[in-house]
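Engineer: Sequence:
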Amino acid sequence: MFLSSSVSVKSSHSSKLKYEVIKAYKNENYTMNELCSKYKINKSTLYRWIETFENEGIRGLEESKTWKLYSQELKETAVRDYLSGEYSLREVIRKHGISDTKVLCKWIKKYNSHRDVYGRIKVHSNAA
Numbered sequence: 043m044f045l046s047s048s049v050s051v052k053s054s055h056s057s058k059l060k061y062e063v064i065k066a067y068k069n070e071n072y073t074m075n076e077l078c079s080k081y082k083i084n085k086s087t088l089y090r091w092i093e094t095f096e097n098e099g100i101r102g103l104e105e106s107k108t109w110k111l112y113s114q115e116l117k118e119t120a121v122r123d124y125l126s127g128e129y130s131l132r133e134v135i136r137k138h139g140i141s142d143t144k145v146l147c148k149w150i151k152k153y154n155s156h157r158d159v160y161g162r163i164k165v166h167s168n169a170a
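Per my numbering, residue 43 is the first one in the sequence shown, and the count goes up by one each step.
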């Protein structure tokens, strides 16, 4: 159900800068729009930084040096949870400890293209 391709997009923002931006927002020194404009980031990026900080602290804002590995079972469960309509993308990543909504979106796309984790097309058997 999932292709094995991966794209790495590294942040050009240090964990210290991310923390300072979050602090400025939480202290109401600046609006979200002002901060996003000043640092040339999307609102979704700032929301992600805030959520990561709230869940993992300052260490969560640091760039990871390794890929986080997920089992096929976790991927499929997370995708089914989202597709059930009971959870939002953010709720699913929190529930399953997934690093980012982008990761889940890739899995959903691959799942919907009827490919497995290795990129093979799934063949459904009609055997009774």
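Hints may be right or wrong, so weigh each one.
[Stated by the list, open to error] Keeping only pairs whose Cα atoms sit at most 27 Å apart, straight-line, the calculated DSSO-like set for lysine-lysine is:
| id | residue 1 | residue 2 |
| --- | --- | --- |
| 1 | Lys82 | Lys68 |
| 2 | Lys58 | Lys85 |
| 3 | Lys137 | Lys148 |
| 4 | Lys137 | Lys151 |
| 5 | Lys80 | Lys110 |
| 6 | Lys137 | Lys152 |
| 7 | Lys58 | Lys107 |
| 8 | Lys58 | Lys80 |
| 9 | Lys110 | Lys144 |
| 10 | Lys137 | Lys80 |
| 11 | Lys65 | Lys82 |
[As the list claims (entries may be wrong)] Computed beta-carbon distance windows for the label pairs:
| id | residue 1 | residue 2 | range |
| --- | --- | --- | --- |
| 12 | Gly99 | Ser155 | 32 to 42 Å |
| 13 | Glu104 | Leu131 | 31 to 41 Å |
| 14 | Asn69 | Ser126 | 32 to 42 Å |
Hint data in this document are derived by calculation from the structure and do not stem from the laboratory. Bear in mind that the values here come from a model prediction, so they are computed numbers and not experimental data. Beta carbons are placed, not taken as given, at the ideal position from N, Cα and C, and that holds for glycine.
Engineer: If a hint holds in the structure, say so; if it doesn't, say that too.
Structural biologist: Cross-check of the supplied hints:
Between Lys82 and Lys68, the direct Cα distance comes to roughly 18 Å. Compliance with the 27 Å bound is thereby established for this hinted pair. Only pairs whose Cα atoms come within 27 Å are accepted, and Lys58 paired with Lys85 is accepted, the gap being roughly 18 Å. Of the pairs offered as hints, the one joining Lys137 and Lys148 holds, with about 17 Å between alpha carbons and a cut-off of 27 Å not exceeded. Proximity of Lys137 to Lys151 is assessed by CA-CA distance (about 20 Å); at most 27 Å being required, the pair is judged to hold.
Proposed proximity of Lys80 and Lys110 is contradicted: the alpha carbons are some 31 Å apart, above 27 Å. The hinted pair formed by Lys137 and Lys152 meets the criterion: a straight-line CA distance of about 20 Å does not exceed 27 Å. Distance restraint check for Lys58 and Lys107: the Cα-Cα separation of roughly 17 Å lies within the 27 Å cut-off, and the hinted pair is therefore satisfied. For the given pair, Lys58 sits about 16 Å from Lys80 by alpha-carbon distance, which is consistent with the 27 Å threshold.
Distance restraint check for Lys110 and Lys144: the Cα-Cα separation of roughly 13 Å lies within the 27 Å cut-off, and the hinted pair is therefore satisfied. Taking the CA atoms of Lys137 and Lys80, the gap is near 32 Å; set against the 27 Å cutoff, the hint is violated. Proposed proximity of Lys65 and Lys82 is supported: the alpha carbons are some 17 Å apart, at most 27 Å. Our hint of 32 to 42 Å for Gly99 and Ser155 holds, since their Cβ atoms are close to 37 Å apart.
Distance hint for Glu104 and Leu131: a CB-CB separation of about 23 Å, inconsistent with the stated range 31 to 41 Å. For the pair Asn69 and Ser126, the supplied restraint of 32 to 42 Å holds, since their beta-carbon distance comes to about 38 Å.
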